[in-house]
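Letter by letter, the chains look like this.
4 protein chains.
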Amino acid sequence: MTDELRIAMIGHGFMGAAHSQGWRVAPRFFDLPLEPVMQVVVGRDADGVRASAAKWGWAESATDWREVIERPDIDVVDIVTPGDTHAEIAIAALRAGKHVLCEKPLANTVAEAQEMTDAAAAASGVRAMVGFTYRRVPAATFARDLVAAGRIGDIRQVRAEYLQDWLSDADAPLTWRLQKDRAGSGALGDIGAHAADLAEYITGQRLTSVSGILETLVTERPLLGEGVGLSGTASSERGAVTVDDVALFTGRLESGALASFEATRFRTGRKNALRIEVSGSLGALSFDLERLNELELYDATQPGTEQGFRRILVTEHDHPYLSPWWPTGHMLGYEHGFSHQVRDLVVAIADGTQPRPSFADGLHVQRVLDAVQRSSGAGSAWTPVD
Amino acid sequence: MTDELRIAMIGHGFMGAAHSQGWRVAPRFFDLPLEPVMQVVVGRDADGVRASAAKWGWAESATDWREVIERPDIDVVDIVTPGDTHAEIAIAALRAGKHVLCEKPLANTVAEAQEMTDAAAAASGVRAMVGFTYRRVPAATFARDLVAAGRIGDIRQVRAEYLQDWLSDADAPLTWRLQKDRAGSGALGDIGAHAADLAEYITGQRLTSVSGILETLVTERPLLGEGVGLSGTASSERGAVTVDDVALFTGRLESGALASFEATRFRTGRKNALRIEVSGSLGALSFDLERLNELELYDATQPGTEQGFRRILVTEHDHPYLSPWWPTGHMLGYEHGFSHQVRDLVVAIADGTQPRPSFADGLHVQRVLDAVQRSSGAGSAWTPVD
Amino acid sequence: MTDELRIAMIGHGFMGAAHSQGWRVAPRFFDLPLEPVMQVVVGRDADGVRASAAKWGWAESATDWREVIERPDIDVVDIVTPGDTHAEIAIAALRAGKHVLCEKPLANTVAEAQEMTDAAAAASGVRAMVGFTYRRVPAATFARDLVAAGRIGDIRQVRAEYLQDWLSDADAPLTWRLQKDRAGSGALGDIGAHAADLAEYITGQRLTSVSGILETLVTERPLLGEGVGLSGTASSERGAVTVDDVALFTGRLESGALASFEATRFRTGRKNALRIEVSGSLGALSFDLERLNELELYDATQPGTEQGFRRILVTEHDHPYLSPWWPTGHMLGYEHGFSHQVRDLVVAIADGTQPRPSFADGLHVQRVLDAVQRSSGAGSAWTPVD
Amino acid sequence: MTDELRIAMIGHGFMGAAHSQGWRVAPRFFDLPLEPVMQVVVGRDADGVRASAAKWGWAESATDWREVIERPDIDVVDIVTPGDTHAEIAIAALRAGKHVLCEKPLANTVAEAQEMTDAAAAASGVRAMVGFTYRRVPAATFARDLVAAGRIGDIRQVRAEYLQDWLSDADAPLTWRLQKDRAGSGALGDIGAHAADLAEYITGQRLTSVSGILETLVTERPLLGEGVGLSGTASSERGAVTVDDVALFTGRLESGALASFEATRFRTGRKNALRIEVSGSLGALSFDLERLNELELYDATQPGTEQGFRRILVTEHDHPYLSPWWPTGHMLGYEHGFSHQVRDLVVAIADGTQPRPSFADGLHVQRVLDAVQRSSGAGSAWTPVD
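Here the protein sequences line up with chains A, B, C and D, keeping their order. The UniProt record's numbering applies: residue 1 is where the first sequence begins, and numbers increase by one. The UniProt record's numbering applies: residue 1 is where the second sequence begins, and numbers increase by one. The UniProt record's numbering applies: residue 1 is where the third sequence begins, and numbers increase by one. The UniProt record's numbering applies: residue 1 is where the fourth sequence begins, and numbers increase by one.
Isolated chain A (complex conformation) (with noise of 0.2 Å):
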């Protein structure tokens, strides 16, 4: 019999949809040393959190995240709550004794990330991750392995991308999301911290200085009236845009490498296109998310005449998560990556071992993404990541 592992999920949106169906399927595919429970949902709402509760199958719903963290039958506390309450909620939850899974960017500071780092460092006992995904995504993982099986050799450039397209039209409203206050950043705090997180994950180096611009292209957007959400009534009123729209940057890799990145909400036509591409001595791999079933691989000790990127569909059962999923060439979503987390969440708790990426691993892209700020207020300047 299989010990129980009750989980609270503090937030509702869109995540707490994704992180739902993580914790919800992961148990019925992959064989965890430990049975999760879905056990409660906190949101401000009453009515609103009850409705997600019913809706995602959690036990019971809260409005008082306090409250639920003190709980003595709560194990796991899942954040998917916007950035600038992370550090919070993080904070209290590892002091309470949860083991803490928390989503990207871990917080909206280095400061409050720091802080929830040291959290992480000084509770016993108790695993904290933070919550990027893409890591998960097969292909990405193996390209991981492949890299660091030596198989490309040394890491010559890299170039990371993520592209959407949602703010083309200039008339997109005036969303929390592009105000700094709430958001913290823009494009480059949303998806270009998965960019980072990626290549630094595959490549298994880290950033140590950066040089780059954020952008704003659409300085001003009608305000939202009526409704919430993107699905609200744009108003006749227009507010100031006050993230990033576009993050240019370069970075130094601790290998000395030189690596590209490019995060932007308007590459028209791109909706979800975080690519990665590792150039090495001895072969190179490409990874688009909007093919996130494939991996390229280019293979530099084929014959001369032979050599071409080679298009893999990471479905067969030995690539990484594959084994207790569909037959090959049965296609994965996006969603797999959230049962992949809970997965190697709850094999850390049960192993007592300290599950990646670590809250350490959010204070470094955290610490990127402020050096790229910083480098961009002084002209580009290259600046150390510390």
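Simulated from the structure, these hints should not be mistaken for lab results. In this text the structure is predicted, and so the values were computed from the model without any measurement. Take the hints with a grain of salt, since some may be wrong.
Which residues of chain B face chain D? A partial, calculated answer using Cβ under 10 Å [stated by the list, open to error]:
hint : residue
1    : Asp31
2    : Leu295
3    : Pro303
4    : Gly304
5    : Glu306
6    : Arg311
7    : Leu313
8    : His319
All C-beta atoms, glycine included, are put in the ideal place defined by N, C-alpha and C.
Place chains B, C and D on chain A using the hints.
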């Protein structure tokens, strides 16, 4: 408060996992008029099916399907057993007044499929549906919608193929899928059925006659020794492969247009390539299950210099089935078709309407397969589908 | 000092432009053992052929081919007239002791092709070659080399298709290509011939029997009024299309493997898609003329997790025909095949060896087409190629 | 009777072969107002240049360029020597009253490029053009036309990269291209120049300031021993690489939009990937020289569910430069750009109009490269292009 709909699933192999995922996940994303309850899963081996129930989240397990389908608390019987058992179970379930969802192929013979279709017609107040889930990949549904809306004009030609390669290795073992008495047929019935159904679904037309050839490329294979299924140890003895490895056929649609088909387990490097291209007087559509979130559309009404196949990411909220899922650009996978199937079946049950594909649709596909088989036996002579 | 080889080209339509480019360019890149001299171009209309000579750089023009092929200074007769005239010219040229290069199809009937082949066999000391230039696209040649070297093992299946769409418009005019007395056949002879030849060339095997169907989708089209060719004005009268728009057929190769074919002018959006995929026990090869500098290779001997179709840019100096051209990654186009054809023909003439494809090869393709036509007339019955 | 235009080509390396092919082929396809005559090719080595003349079809060879440019029968001087000699030859030719076509880069320094531009401005009645031939790949020209016609709206962002991998091997020899005194710069000037020019050409906007970094990844390489060029034998001694292997930079266009650039010889597996994507308020365009017959167009004015990047085969008669070539779907290659360049230059000479790219355009690109170099030396500080 939504009424419950209690499900019994008969069978618990690979398809059982997929159907369970559909029942589990659909209500978490779609607003269903009835609430599916995963009540009982049935299998011959008590221990095995008990483990499946625990793993997949069914409330109970049982070993006698006849007993289960008579239970008054059961509303829906979901059949995922091998094809040679479909008729008996489905007919009994329909007679017991249960709604039936039956995995494809509807049956291994036309005669059985006919009996099932008759039973469905005779059963009053219950719904019967066959599980060609690839109709419910959003890109395929959208292709059908575009054809129905006249976007590609008169259909000129259809090419449909389902390419796999898992028998390329001549030493792959002789599983039940390669034995005619168990599997009915080989590539033709297993995957050619999908190609035929998808072609008929997207075009909105039925095949009226066919000419084709079935071929077994490797006629003897190692018998399975210890263990079961593909993972069993191969023995040194060999047995005869009694089904087709490859099916090639041409068919005529109701409009007179020709459609050509290929179903094969020997197209090295192709893992799950269910592909269809429909060419019309105003445009063309191209789909490949290995890139299931994409549909290629060619619009011949655009200016001549600007025409080209465009890769549509079928992940917009206005695309079929997409609205409750993730934001634009977040990919769905293989299993989502099973949630869509559950959604449509539950709605049809609530509304009292006939869901498609119906048993009559399944019977028709069976007749196509049968006609191909007869044509192959008659030197590829054109053979009516009747 | 290299000896000269004086060329007479009979005909000066579209193919004349392509052959002229071959004769003009080949000696500038390849070190040829003989120096081709573009001596005389022959056409029926004195003014027209004089203009062609000036435009394409032939030293002279003439209107009587019989006179020209008897000229003692002429070494090679290059025939680019319509198919119904090939036999007479080629046979006369061979009898006059000239080397002959004849555009495909070798002839419009098997009987004529047979006579030509007999004439070539009887002619001593002269070479006869038929112009299936797609064999000389480097990627296709390289595909043949890989198959010959055993890189894909035993051939399991072949798929070859030649897809165009220029007849999709039902009001496209009734040109000579749509009239059986002029063109011999439609899609089958014009482009299906290329698909058949390429399949035989790459596999190194001949087709021994076929089953197929020819179809005319639009049976009446506007007659051409003023003007000539595709650019002529369409009149309001309509005439009967007497050739096939689509040819679908299946053939058996010498090894017993099945190959399926499609040749069509109605696959909307496909402009010049001569595609072939050869699947073998150790790998597979895939080629598409719309991306003629690329060859996709699947190597099934690589580790299971690293297999995938790899896109080889066939632009390395060690690829066939590539060494005298541009640096790696600089693309060749359609017309380069004609330079490669010239190169091989000139080398064969100098060496006194038989170039391929020979008239016997062209005759064989003609027999395949003829067998398809007979099979179509016999309800797709399997028909031997003989 | 068309007047002749007598050409002298100075230099006879790889670019000489390409230019010769342009002069040879253009008049055979395009109706030119003047008839180019390949009169004389000039090189330092009498035997070598005599062989080139014979091979490429120049009437004469010569060793003294000064003498040649003074010849009254010469109308055009085509310069394909290394960049450090361009200024002297071009200025002398212009002063001698000859039209000049000068290979890119215009010069190795801004000062020289300025002098050349001044000389071109001062020369009356003669034309001066710089050879950025990639502007004349039909897909690139068509991209420019679409932007100019407003089809993609306001330009939001540009990404341009030129990726090669021929230095990935750390033991590739130290050729002249890796020595600053000969080559001027490395990836930046050789291929980054193309990326910059193409971005400016397609957008119709100039770069006004840049921030970037140049990097040498392999700082020492084997000296060349016997033999010349890439095919020479590597010696065991090593020498310093004095140019950049990689150039990464960001620039601002006149409209204020950001464009990011990468030029590298270390992107393993990328052979000749000059790629550009232009994102606008109404659509986007994407081009890759490795698939030079294709242009991808995204039209954001189509219905939301039908938007996608469409692959246009730029082989229609109505596409730029296409009408005299082959039928739809028949591909062009690398060298066709040189024919198009000849066509445009000859037309401009006949018309007395200034062809583009002019020396002023070439000077501007040189200033961009210079600004990148200065920015790199100043810690990536933003540097005006002036």
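Exercise. Was the hint right that Glu306/B lines chain D, CB cutoff 10 Å?
Worked result: holds (6 Å)
Exercise. Taking the closest Cβ pair, is Pro303/B under 10 Å from chain D?
Worked result: holds (9 Å)
Exercise. Is the hint on His319/B kept, meaning its closest Cβ partner in chain D is under 10 Å away?
Worked result: Constraint on His319/B satisfied, holds at 6 Å.
For this session: Report holds or violated for the interface hint on Leu295/B, using the least CB-CB distance to chain D and a cut-off of 10 Å.
Result: holds (8 Å)
Exercise. Given Gly304/B was flagged as interface, is its beta-carbon under 10 Å from a beta-carbon of chain D?
Worked result: Where the cut-off is 10 Å and the nearest Cβ of chain D is about 6 Å from Gly304/B, the hint holds.
Problem set entry | Hint validity - Leu313/B Cβ closer than 10 Å to any chain D Cβ | Since chain D brings a Cβ to about 7 Å from Leu313/B, closer than 10 Å, the hint holds.
Problem set entry | Interface hint compliance - Arg311/B to chain D, C-beta minimum distance less than 10 Å | Nearest chain D Cβ about 5 Å off; hint holds.
Problem set entry | Proposed interface contact between Asp31/B and chain D, which counts if any beta carbon pair is under 10 Å | With a closest approach of 22 Å, the Asp31/B hint is violated.
In the structure shown, a violation is registered for the earlier hint numbered 1 alone.
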